[in-house]
Structures are given as structure tokens and as C-alpha cells.
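Trainee: Per the numbering used here, the sequence shown starts with residue 505, numbered consecutively.
FYI, nobody ran anything at the bench for these hints, they're computed from the structure. Heads up, a few of these hints could be off.
Claimed, not checked - Below, a list of computed lysine to any residue pairs in the SDA-like style, where the Cα atoms sit at most 25 angstroms apart:
hint: 1; residue 1: 544; residue 2: 534
hint: 2; residue 1: 539; residue 2: 529
hint: 3; residue 1: 544; residue 2: 529
hint: 4; residue 1: 522; residue 2: 509
hint: 5; residue 1: 539; residue 2: 525
Claimed, not checked - Label-pair distances were calculated between CB atoms; the ranges are:
hint: 6; residue 1: 540; residue 2: 517; range: 51 to 59 angstroms
hint: 7; residue 1: 544; residue 2: 509; range: 51 to 59 angstroms
hint: 8; residue 1: 519; residue 2: 540; range: 24 to 32 angstroms
hint: 9; residue 1: 546; residue 2: 521; range: 34 to 42 angstroms
hint: 10; residue 1: 518; residue 2: 540; range: 28 to 36 angstroms
The structure displayed is predicted, hence computed values, not measured ones. A virtual CB, placed ideally from N, CA and C, is assigned to each residue, including glycine.
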Amino acid sequence: MAGPRIAHVTLKGPSVVKEILIGIGLGIAAGAVWKTHHWKSGTSSGGLGRSTTC
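Produce the complete structure using the sequences and hints provided.
Mentor: Now the structure itself:
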């Protein structure tokens, strides 16, 4: 018994260049958020210990 034919999009392999660029972009974004968090937490310290958190 043959069922109805469904047109499927042919899946290609991941583009290496696209994966690298997405990885770099996500890494820069995460690093910026992390750095901003540490800058803000470093300036709001209560004066005890070091002034930098890293």
C-alpha cells in the first residue's frame, strides 16, 4: 500500500562557517554580559576586601 507522497525539504549538513560565526557571536554576547555583571558587582562592594571581584 502506497501512502500519499509528502514533499520533504532535503536537510543539508550544518554550514561550518555559519556555526563558527554563531559561536563567536554567542561567545562575545555572553562575555559582555559576564563582564558587565562583574563591573557592576565590583563597584557596589561594601568596601571590604578587594575592589575587584576577579
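Trainee: Each hint needs a verdict: does it hold in this structure or not?
Mentor: Verification of the hints:
1. For the given pair, residue 544 sits about 15 angstroms from residue 534 by alpha-carbon distance, which is consistent with the 25 angstroms threshold.
2. Using a Cα cut-off of 25 angstroms, the hinted pair residue 539 and residue 529 holds, with the two alpha carbons roughly 15 angstroms apart.
3. About 23 angstroms separates the Cα atoms of residue 544 and residue 529, which keeps this hinted pair within 25 angstroms; it holds.
4. The hinted pair formed by residue 522 and residue 509 fails the criterion: a straight-line CA distance of about 32 angstroms is larger than 25 angstroms.
5. With a CA separation close to 21 angstroms, the supplied pair residue 539 and residue 525 stays within the 25 angstroms bound.
6. A hinted range of 51 to 59 angstroms is violated for the C-beta pair residue 540 and residue 517, which are about 36 angstroms apart.
7. For residue 544 and residue 509, the hinted distance range of 51 to 59 angstroms is satisfied, since their beta carbons lie about 58 angstroms from each other.
8. Our hint of 24 to 32 angstroms for residue 519 and residue 540 holds, since their Cβ atoms are close to 31 angstroms apart.
9. Take residue 546 and residue 521: their Cβ atoms lie about 37 angstroms apart, and the range 34 to 42 angstroms holds.
10. The hint said 28 to 36 angstroms for the Cβ distance between residue 518 and residue 540, and at roughly 31 angstroms that hint holds.
When each numbered hint is compared with the structure, violations occur for hints 4, 6.
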